[in-house]
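What follows is the residue order along each chain.
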Amino acid sequence: MTTLPASTNKKLGLVIDLDVCVGCHACVVNCKEWNTGGYGAPLGDSDAYGSNPVGAWLNRIHTFEVTPDDVPASIVHFPKSCLHCEDAPCVTVCPTGASYKRTDDGIVLVEEDKCIGCGLCAWSCPYGAREMDPVEQVMKKCTLCVDRIYNENIPEIDRTPACVRTCPANARHFGDFADPNSDVSIMTRERGGMDLMPEMGTKPVNQYLPPRPKTRPEAAPQITTPEPKAEGGLLGWVDKMLEAI
Amino acid sequence: MSERNLDTSPHVSDEIRKTTCYMCACRCGINVHIRKDENGKEKVRYIEGNRDHPINKGVLCAKGSAGIMQHYSPARLKKPLKRVGERGEGKFQEIEWDEALDIATDWLSDVRKTDPKKLAFFTGRDQSQSFTGWWAQQFGTPNFAAHGGFCSVNMAAGGIYTFGGAFWEFGAPDWDNTEFFMIFGVAEDHDSNPIKIGLSKLKKRGKKIVGVNPVRTGYNAIADEWVGITPGTDGLFILSLVHELLKAGTIDLDYLIRYTNVPWLVIDNPDGKDHGLFARDKDGNALVFDRTSNSIKAYNAKGIKPHVKGSFTLDDDTKVCPAFELLTGKYLSNDYAPENISEKTGVSANQIKRLAQEIAEAAFKSEVVIDQPWTDMKGEKHDKMVGRPVSFHAMRGISAHSNGFQTCRALHMLQILLGSIDCPGGFRFKPPYPRPIQAQPKPHGDGKPNEPLAGPHLGFLSDPSHLLLQEDNLTPQRIDRAYSWDAPMSSHGLMHMVISNAHAQNPYPIDVLFMYMANMSWNSSMNTAGVMKMLTDKKENGDYVIPKLIYSDAYSSEMVAFADLVLPDTTYLERHDAISLLDRPISEPEAMCDAIRWPVFEPDRDVKGFQSALLDLGARLGLPAMVNDDGSQKYQDYADYIVNHQRKPGVGPLSGWRGNGEQTGRGEPNADQINKYIENGGFSETHVPKEALYFKHANKAWQDFAVEMGLQDGHVENVFQLYLEPLRKFQLCAEGKAEPVAPDTHKERILNCFDPLPDWYEPFEGTGIDEEKYPYHALTQRPAAMYHSWGSQNAWLRQIHGTNPMYVPGEICDKAGLKDGDWAYVSSHHGKIKVPVKRMDAVNSKTMWTWNAIGKRKGAWALDEDAPEATKGFLLNHLIHELLPPKGDGLRWSNSDPITGQAAWFDLRVNIEKAEAGAEVSEPQFPAQQNAGFKTTDTVTFGKEWTK
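Here the protein sequences come in this chain order: A and B.
The first sequence begins at 177 in the numbering used here and counts up by one.
The second sequence begins at 2 in the numbering used here and counts up by one.
Please keep in mind that the hints were generated in silico from the structure rather than gathered at the bench.
Any given hint could turn out to be false.
[As the list claims (entries may be wrong)] List time: in silico EDC-like cross-link candidates among lysine to aspartate or glutamate, alpha-carbon distance up to 20 Å:
hint, chain 1, residue 1, chain 2, residue 2
1, B, LYS774, B, ASP756
2, B, LYS945, A, GLU288
3, B, LYS738, B, ASP272
4, B, LYS58, A, ASP334
5, B, LYS847, A, GLU241
6, A, LYS390, B, ASP272
7, B, LYS205, A, ASP195
8, B, LYS306, A, ASP415
9, A, LYS390, B, ASP842
10, B, LYS248, A, ASP415
11, A, LYS186, B, ASP8
12, B, LYS945, A, ASP371
13, A, LYS416, B, ASP253
14, B, LYS839, A, GLU241
15, B, LYS204, A, ASP359
16, B, LYS274, B, ASP464
17, A, LYS390, B, GLU362
18, A, LYS416, B, ASP291
19, B, LYS873, A, ASP355
20, B, LYS42, B, GLU16
21, B, LYS310, A, GLU419
22, B, LYS306, A, GLU419
23, A, LYS416, B, ASP255
[Claimed, not checked] Pair by pair, the computed Cβ-Cβ distance ranges are:
hint, chain 1, residue 1, chain 2, residue 2, range
24, A, GLU419, B, GLU381, 12 to 22 Å
25, A, MET373, B, GLU812, 26 to 36 Å
26, B, ASP318, A, GLY412, 28 to 38 Å
27, A, PRO397, B, GLU381, 49 to 59 Å
28, A, PHE240, B, GLN931, 34 to 44 Å
29, B, ASN295, A, LYS416, 39 to 49 Å
30, A, PHE240, B, GLU381, 54 to 64 Å
31, B, LYS691, A, ILE362, 27 to 37 Å
If you're wondering where the values come from, they're calculated on a predicted model, not measured in any experiment.
Don't be surprised by glycine CBs; every beta carbon is placed ideally from N, CA and C.
Please model the entire structure based on the sequences and the hints provided.
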């Protein structure tokens with residue numbers, strides 16, 4: 177049993193904009209390549225060229241089809257990684273103290289030397305955001321690129337999680353939710369950012385911005401000023417126009 | 002809980018080397034982080050986007066981020082290979098480079114001495130076409146092209162013929178100013194990161210994005226509105242928008258008169274041999290009716306105001322009318338009324354009408370004005386740049402149909418009617434474009450023993466007399482039948498027909514087939530099983546029908562197994578390349594750009610960059626431009642060529658740091674040029690002057706800049722050709738009124754399809770089959786995380802796309818009794834495949850689809866034989882024939898656009914039925930090929946050397 181900090185100084189996390197995510201997997205793969213050579217054990221891949229390749233990933237995109245009765249079916253791409261919950265059940269369930277939440281910034285990490293690979297944390301996470309490494313048998317999870325965001329060996333502008341830096345559609349944003357004036361806080365307020373599965377009581381830090389409504393095929397025109405039609409149809413209009421040219 | 006001991010500033014890498022990505026065709030700038038392992042060996046630690054790079058501005062997609070796994074792929078070839086088994090088996094003997102090049106020299110010198118056209122050299126996904134084409138030109142064979150014919154030639158040719166530009170490499174939306182953006186069809190792997198960056202800008206500014214695509218994935222998933230169109234009907238949809246815009250008078254007449262040929266007078270003489278051509282003066286200038294003087298004048302006479310209406314009689318009694326009259330007459334017809342095309346396109350009349358209104362609103366009520374004076378080519382000064390902020394993008398989706406050329410033209414006509422070409426908020430040219438056809442080369446054929454070809458193979462013809470025909474005016478000069486009656490305006494060649502024609506020995510047999518980066522025995526061919534047979538068929542004497550096959554690839558692809566001789570290429574991190582303004586550059590609208598690749602690692606195998614091998618081979622063959630006077634090799638490797646080759650004095654493959662190192666565009670070769678590129682992050686970027694930023698087609702400052710930079714040698718006039726006279730000339734040949742007269746076999750389709758105004762006709766495959774028997778459409782989409790066949794060897798990407806179900810619309814599932822996880826047979830007029838099924842509703846109700854090129858042959862790409870790519874993955878290609886169904890005329894027509902020869906992949910018509918319970922294995926299956934790469938490992942733990 178591991179305890180959570182009563183509060184954290186910062187609440188670092190991600191805003192993920194579902195209105196912009198095209199499901200391209202850039203964040204997924206860039207996360208893998210950064211982290212496989214970074215924090216903790218590599219993100220292994222078993223049977224990498226065989227019939228059942230299974231690798232550890234810290235971030236995955238799930239694709240859902242939405243089929244309401246009254247509008248055409250649509251697709252939502254849903255990137256998912258650890259949400260760095262304030263009430264993280266994966267921490268309190270850990271029998272060795274390997275899982276912990278940092279007091280400074282709220283990042284949830286696994287101290288791999290203490291991890292016995294029991295998998296309880298993965299069971300307790302309602303989001304399925306933790307993955308057991310198939311090769312090293314150690315629990316892996318999003319570190320919010322804790323080895324990038326404070327790293328003095330990389331330029332300041334790059335001190336952001338790899339997934340945020342690489343996202344071509346700018347659908348991912350990183351910041352401090354404890355600061356009401358941070359970009360992520362403002363974005364969340366303005367766009368109706370949502371907790372994922374709030375009923376689980378985990379108080380996730382990461383926020384999702386919902387897709388904006390789409391135009392229905394049968395929607396009426398929203399044109400405020402109808403086009404003036406000249407007498408005599410197009411050719412009448414041409415005459416009128418030519419006078420001015 | 003107190004904070005643990007954690008190093009938040011760990012060492013990242015020892016060095017960053019900046020080069021150009023090659024994980025797809027987008028060509029982003031990348032920072033390759035290099036870090037030594039425990040033995041001091043340099044390895045890739047991390048690849049990220051280069052923030053300074055004009056294409057990706059720091060971002061990087063899934064493919065680019067998986068470059069590490071491509072660079073260390075077990076499918077990499079190690080050494081030149083000589084076939085020892087039968088073709089297709091993949092049994093090889095490793096040989097030395099000297100022996101390999103001697104074999105190639107032996108085969109090719111014989112061909113060059115006797116009949117150079119017996120070499121067919123086709124270079125697939127080549128990014129060095131200006132180099133490989135130059136090599137083929139020096140060799141003297143007329144048979145060269147890259148893969149454009151089976152990719153997107155309709156888009157490129159449709160654009161260049163119409164307005165001297167094209168999407169992607171040669172143009173882009175003005176993302177920062179556009180108010181309305183419409184994207185058509187499959188476009189995920191062409192300009193992929195720039196489009197994603199652009200879409201996010203539009204989202205941020207709250208501007209409307211409309212996706213027109215039968216499938217609502219990718220960009221269509223986030224579009225504000227989806228038009229779930231039926232495949233092959235995009236042209237009809239666009240012309241219906243045109244109908245609505247014309248009806249409402251929401252077009253930019255001033256723009257049309259200034260920049261297009263709609264005022265030009267078209268001859269009305271139905272029985273004459275000039276009917277439908279432009280009336281011209283004795284100097285060849287098209288005529289217009291001048292409203293100022295009420296008289297006929299040359300279109301370029303000073304001070305005139307051309308009319309666009311009416312009909313006139315010339316001095317010689319010829320009746321004429323402005324092209325605009327013909328244009329409006331055609332599209333105002335009720336044939337294009339939304340109500341009348343709704344059923345065919347699957348798009349409601351309401352949606353078409355509303356979109357037309359929204360487009361008009363954006364174009365004419367939200368003008369973008371930039372306070373920047375400029376001067377046009379007539380000398381008129383404009384104090385502002387005023388734009389119609391509507392923009393479009395399209396690529397292979399609308400292109401890969403037998404009506405694709407006309408559809409692409411229709412889209413460009415729509416842009417031009419709105420006045421939205423190269424204006425603020427519209428479409429913008431990227432340097433070196435605009436480049437209309439009169440500034441493009443004409444195609445060159447013939448080919449005499451031991452002589453170079455007179456000019457480049459590929460170009461843009463403007464007259465039937467430019468066709469590449471043999472003396473009978475019927476038989477094609479080229480093995481792919483490009484620039485023949487089959488495909489007169491085939492500006493990129495027809496790579497998809499080469500093996501089929503060579504096997505049929507029609508128009509003639511060849512001796513050596515030489516290919517690079519083209520997976521023709523798998524996903525890059527129609528009728529894949531047929532092509533495999535063509536490559537292995539033997540004559541009675543036991544020789545192969547296609548006698549010799551040389552292939553170059555970096556990886557153990559399906560095509561490698563069929564080669565007699567394999568020249569192993571490098572990975573993209575081990576090679577020199579020029580992303581050159583001479584062919585397919587990486588410019589952005591505001592800057593002329595080019596780039597290099599350079600070996601950020603030296604190869605650890607006995608492989609060579611293909612271009613370097615080609616220079617060596619060229620010297621061995623004694624090709625004129627590749628040897629010194631004493632016969633020695635002129636360019637030691639590709640880097641030497643990139644720096645020192647001059648296409649014309651002072652102009653070479655790279656524009657930056659020429660001459661004394663401070664010259665751009667023009668200048669003597671500079672030995673230090675590649676180092677300068679490396680210092681600058683692998684690219685060169687030269688900003689277009691402010692007064693030249695828009696209206697480049699008519700902008701004097703642009704023309705001056707283009708000449709100064711060596712992009713062109715003089716000013717080039719660019720009048721947009723809404724009425725495309727060369728098409729009408731071919732119709733006159735088909736009417737028997739002009740020489741050369743078209744053969745009887747081709748007359749009907751030329752008359753039907755070569756309308757000089759953008760037109761729509763039914764895709765060919767649908768008209769050649771029983772629609773009740775094959776009621777559905779089937780097509781592929783490009784996964785954003787996988788590029789062609791290259792991706793499956795990648796340990797990371799194959800976990801994202803390791804299988805490809807057939808996504809079947811709910812309606813069809815219900816009818817055929819299919820549910821998720823079932824297997825089904827999908828059949829076409831040509832073949833039958835067995836596939837896994839997944840139900841989907843966010844798709845056009847008549848269209849099933851799957852991901853492109855996921856299915857693999859067993860044993861290829863160093864995957865285990867039971868890899869899901871081979872056992873469950875599948876190709877649609879088995880259903881698509883390179884020939885159309887027989888029509889009963891005794892001929893088998895190519896499954897291609899009749900104008901450009903573009904492969905009509907997306908015309909496919911199918912049926913589907915449930916497969917009885919049985920083995921859950923896709924069909925057809927083929928015997929495994931042997932892996933010519935490395936032995937694979939079970940597990941990958943990349944990065945372990947730097948972690949615990």
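So, going through the hints one by one against the coordinates:
no.	hint	result
1	B:LYS774 with B:ASP756	31 Å, violated
2	B:LYS945 with A:GLU288	14 Å, holds
3	B:LYS738 with B:ASP272	9 Å, holds
4	B:LYS58 with A:ASP334	13 Å, holds
5	B:LYS847 with A:GLU241	18 Å, holds
6	A:LYS390 with B:ASP272	53 Å, violated
7	B:LYS205 with A:ASP195	10 Å, holds
8	B:LYS306 with A:ASP415	13 Å, holds
9	A:LYS390 with B:ASP842	16 Å, holds
10	B:LYS248 with A:ASP415	14 Å, holds
11	A:LYS186 with B:ASP8	19 Å, holds
12	B:LYS945 with A:ASP371	35 Å, violated
13	A:LYS416 with B:ASP253	13 Å, holds
14	B:LYS839 with A:GLU241	12 Å, holds
15	B:LYS204 with A:ASP359	17 Å, holds
16	B:LYS274 with B:ASP464	14 Å, holds
17	A:LYS390 with B:GLU362	19 Å, holds
18	A:LYS416 with B:ASP291	17 Å, holds
19	B:LYS873 with A:ASP355	50 Å, violated
20	B:LYS42 with B:GLU16	13 Å, holds
21	B:LYS310 with A:GLU419	13 Å, holds
22	B:LYS306 with A:GLU419	11 Å, holds
23	A:LYS416 with B:ASP255	12 Å, holds
24	A:GLU419 with B:GLU381: 12 to 22 Å	20 Å, holds
25	A:MET373 with B:GLU812: 26 to 36 Å	33 Å, holds
26	B:ASP318 with A:GLY412: 28 to 38 Å	30 Å, holds
27	A:PRO397 with B:GLU381: 49 to 59 Å	37 Å, violated
28	A:PHE240 with B:GLN931: 34 to 44 Å	42 Å, holds
29	B:ASN295 with A:LYS416: 39 to 49 Å	19 Å, violated
30	A:PHE240 with B:GLU381: 54 to 64 Å	55 Å, holds
31	B:LYS691 with A:ILE362: 27 to 37 Å	34 Å, holds
Checked against the numbered hints above, the structure violates hints 1, 6, 12, 19, 27 and 29; every other hint is satisfied.
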